[in-house]
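The hints should help you fit chain H onto chain E, whose structure is shown.
Protein sequence lines correspond, in order, to chains E and H. Residues in the first sequence are numbered from 1 upward in steps of one, following our numbering. Residues in the second sequence are numbered from 1001 upward in steps of one, following our numbering.
If you are wondering where the hints come from, they were derived from the structure by calculation, not from laboratory data. Keep in mind it's a predicted model, so treat the numbers as computed, not measured. The beta carbon of each residue, even a glycine, is placed where N, CA and C say it ideally should be. A hint or two may mislead.
Simulated coverage check for chain H against chain E, where a stretch passes if three residues somewhere in it have a Cβ under 8 Å from a Cβ of chain E [claimed, not checked]:
| no. | segment |
| --- | --- |
| 1 | 1059 to 1066 |
| 2 | 1101 to 1112 |
| 3 | 1131 to 1140 |
| 4 | 1217 to 1229 |
| 5 | 1253 to 1260 |
| 6 | 1268 to 1277 |
There are 2 protein chains.
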Amino acid sequence: MEYLLSDRVQTLKPSAIREIFKYAADPTVVSLSAGNPAPEAFPVEAIAEISAKILQENPVGALQYSFTEGYPLLRTAVWDFMKNKYNVGSDNDDIIITSGAQQVMDLFTKTVCNEGDTVICEAPSFIGSLNSFRSYNCRLCGIPVESDGMNLEALEKALQTEKNVRFIYIIANFQNPSGITTSFEKRKAIYDLAVKYNVMILEDNPYGELRISGEDVPCIKSLDTDGIVVYAGSFSKVLSPGMRLGFTIAPKPVLQKMIVCKQGEDVHTNSWAQMVAYKFITEYDFEAHLASLRQIYKKKAEFCMGLLDQYLVPAGITYERIEGGLFIWCKLPENAKMSMNEFCKEAVLNKVCVVPGNAFLTDETEQCSSFRINFSTPTDEQLEKGIKILGKLAAEVL
Amino acid sequence: MEYLLSDRVQTLKPSAIREIFKYAADPTVVSLSAGNPAPEAFPVEAIAEISAKILQENPVGALQYSFTEGYPLLRTAVWDFMKNKYNVGSDNDDIIITSGAQQVMDLFTKTVCNEGDTVICEAPSFIGSLNSFRSYNCRLCGIPVESDGMNLEALEKALQTEKNVRFIYIIANFQNPSGITTSFEKRKAIYDLAVKYNVMILEDNPYGELRISGEDVPCIKSLDTDGIVVYAGSFSKVLSPGMRLGFTIAPKPVLQKMIVCKQGEDVHTNSWAQMVAYKFITEYDFEAHLASLRQIYKKKAEFCMGLLDQYLVPAGITYERIEGGLFIWCKLPENAKMSMNEFCKEAVLNKVCVVPGNAFLTDETEQCSSFRINFSTPTDEQLEKGIKILGKLAAEVL
Chain E
1 MEYLLSDRVQ TLKPSAIREI FKYAADPTVV SLSAGNPAPE AFPVEAIAEI
51 SAKILQENPV GALQYSFTEG YPLLRTAVWD FMKNKYNVGS DNDDIIITSG
101 AQQVMDLFTK TVCNEGDTVI CEAPSFIGSL NSFRSYNCRL CGIPVESDGM
151 NLEALEKALQ TEKNVRFIYI IANFQNPSGI TTSFEKRKAI YDLAVKYNVM
201 ILEDNPYGEL RISGEDVPCI KSLDTDGIVV YAGSFSKVLS PGMRLGFTIA
251 PKPVLQKMIV CKQGEDVHTN SWAQMVAYKF ITEYDFEAHL ASLRQIYKKK
301 AEFCMGLLDQ YLVPAGITYE RIEGGLFIWC KLPENAKMSM NEFCKEAVLN
351 KVCVVPGNAF LTDETEQCSS FRINFSTPTD EQLEKGIKIL GKLAAEVL
Chain H
1001 MEYLLSDRVQ TLKPSAIREI FKYAADPTVV SLSAGNPAPE AFPVEAIAEI
1051 SAKILQENPV GALQYSFTEG YPLLRTAVWD FMKNKYNVGS DNDDIIITSG
1101 AQQVMDLFTK TVCNEGDTVI CEAPSFIGSL NSFRSYNCRL CGIPVESDGM
1151 NLEALEKALQ TEKNVRFIYI IANFQNPSGI TTSFEKRKAI YDLAVKYNVM
1201 ILEDNPYGEL RISGEDVPCI KSLDTDGIVV YAGSFSKVLS PGMRLGFTIA
1251 PKPVLQKMIV CKQGEDVHTN SWAQMVAYKF ITEYDFEAHL ASLRQIYKKK
1301 AEFCMGLLDQ YLVPAGITYE RIEGGLFIWC KLPENAKMSM NEFCKEAVLN
1351 KVCVVPGNAF LTDETEQCSS FRINFSTPTD EQLEKGIKIL GKLAAEVL
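So that you can see chain E by itself, here it is in the shape it has in the complex:
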């Protein structure tokens, strides 16, 4: 039978990264292609302890239907945390709990974009979000990213010339995949441009707590006196991604519609997970936990950058040092004898898996000379082995 599919899914395809995961599943392949938090970063004992307590003290609360907006105590706890620590959230905003931050991308796009509307994003950008925008038939317009954030001239030009731009999507901290952090000056400039051209901003901040050096830069949402910023937060990197917990702090009129959309999507987010997160934030030392995460990631990131300096840089591959997050963006030399895509294929044949950079572009067929590596999932041994192989290969073929 020939199935009639909607226009929006006709060209939608599984993320290129997932295809790469098939190679990565081979146990003889060193995978530097994932984006998983380090398993040693999960507070397993605390979660087991809290979980047992909840299922003993309030099992019906954890197992029964709940509110679409989220567990009220968790909403308040996250609101207070974001307000006190980052000055995020105003009287015009409210907060809801979502099934991962990914659901924020989905609900917000559904709420503000008609099919054919334009979303401006960084180029490169997180493929999961791009696919979410694509699934509502949005046009994507990518703005090249520099070491301090989007190119402002290209951004303003896009705002002037693109039709029906509804929002700018940005990962301002330790961007996935480029690793860069948008400077405070650029955050202000991007906010001002959004106000000037009457578009909203979707600020996605999954890695914000994973800073390993330098100083925190204020969130764009903390500048939001005009009520144009929707902030997406995640528990995936600070608690557990398998629990699928995220949140959004957004202007109430937009949030109201996002709530109705969420009702139709999954009614509400897993109640047990919300209760666990609430107790973990409020009854345990959450800041101490975050500090320990930063130590884990700092050690791994520095180890990885040391290996890159030792094995890849001499072969002409360059990268921008990161201040946090999970990813490093490596660039092939200008005069490379092999294309980035060919290099990534050769790497797989040599049993190392990285993600070709064009997977993160709004148009995957565009030329790109970078690839992404992840240092949080592999062990130190795997990192060393994988980067050594990449270096040897680069010296031979580039």
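Frame of chain E, contents of chain H only:
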């Protein structure tokens, strides 16, 4: 600031039931308006036991990112269960785990409907699904439900005259809100009409395991030699709704696109919940658990129907006896002196909350003389108190 919202959410509003819940939150009000499973039906001890075991034996599996399609062992276990017990699923089908059955409605609509396409549904029907279809700007066409299912003439006429019908949505067992079960003859006839007019069927079966009398009727999906039926199953009534677990068994070409949409919506469903469900199905006596649920609901349903016979029927309110599910559909007498909506408002003033039937229609402004009551959530005392009050009110005002 004036926010530009998408066309699809302009007219979308929170479910009328949720508005009623505001009254129901008043502890002095007896709520017969919910749709929650009976809390005593949750296998709390087993869940706590399994949960502790998982967090001890395989915490990283429960807490790390997982597959969009779902936990492989759970997919296989549910597939086998559905195949062996109901002959659901063929070589052309596959199964994925979803964040509640609600997500099946969302993903399937997103995959096969363009904005403006038509969905045929029962009238009345489940408001959560209707809102999900509405959220993709689908046109809804309601087919009146008789005591053995949809009126077939009205269905065929709709298939002939409605434009771009993409699927027929049906809850064949103990329908929400009408309580009726579609006969086997009508299931076959509906399937044949769908084949004849080249539309798909979305068979939603959240209450199938809650039969309290009579014999199981084969699922429409079990007749699906043409690969046109998408089956939506739920763990909400047999395990726990707070865990947000559902599944779909659907033709592979459609399912492939639903998976890509799910990636963009929530990446995957809570891993812990999936692992708990897997162990509960395979390591505990699941059939014995289902049998005990049926006992709980049989007792509650019969108690409720006894009260209706005693207090409402003498006042002229009629209802169809149910063979399962959670709801009973009560109809005001033809010559009632008060409209159904007025009666429901009077009931609230008298501290009893039921759901006005028009909330379940494709057009809520349409005339309707029925209301829905739920017997699974209230205690026996609450049921008796509430129905007594309704009877007294009916005798006075109808």
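To see whether the hints hold, each was checked on the structure:
no.	hint	in the structure
1	1059 to 1066	holds (count 8)
2	1101 to 1112	holds (count 7)
3	1131 to 1140	holds (count 4)
4	1217 to 1229	holds (count 3)
5	1253 to 1260	holds (count 5)
6	1268 to 1277	holds (count 6)
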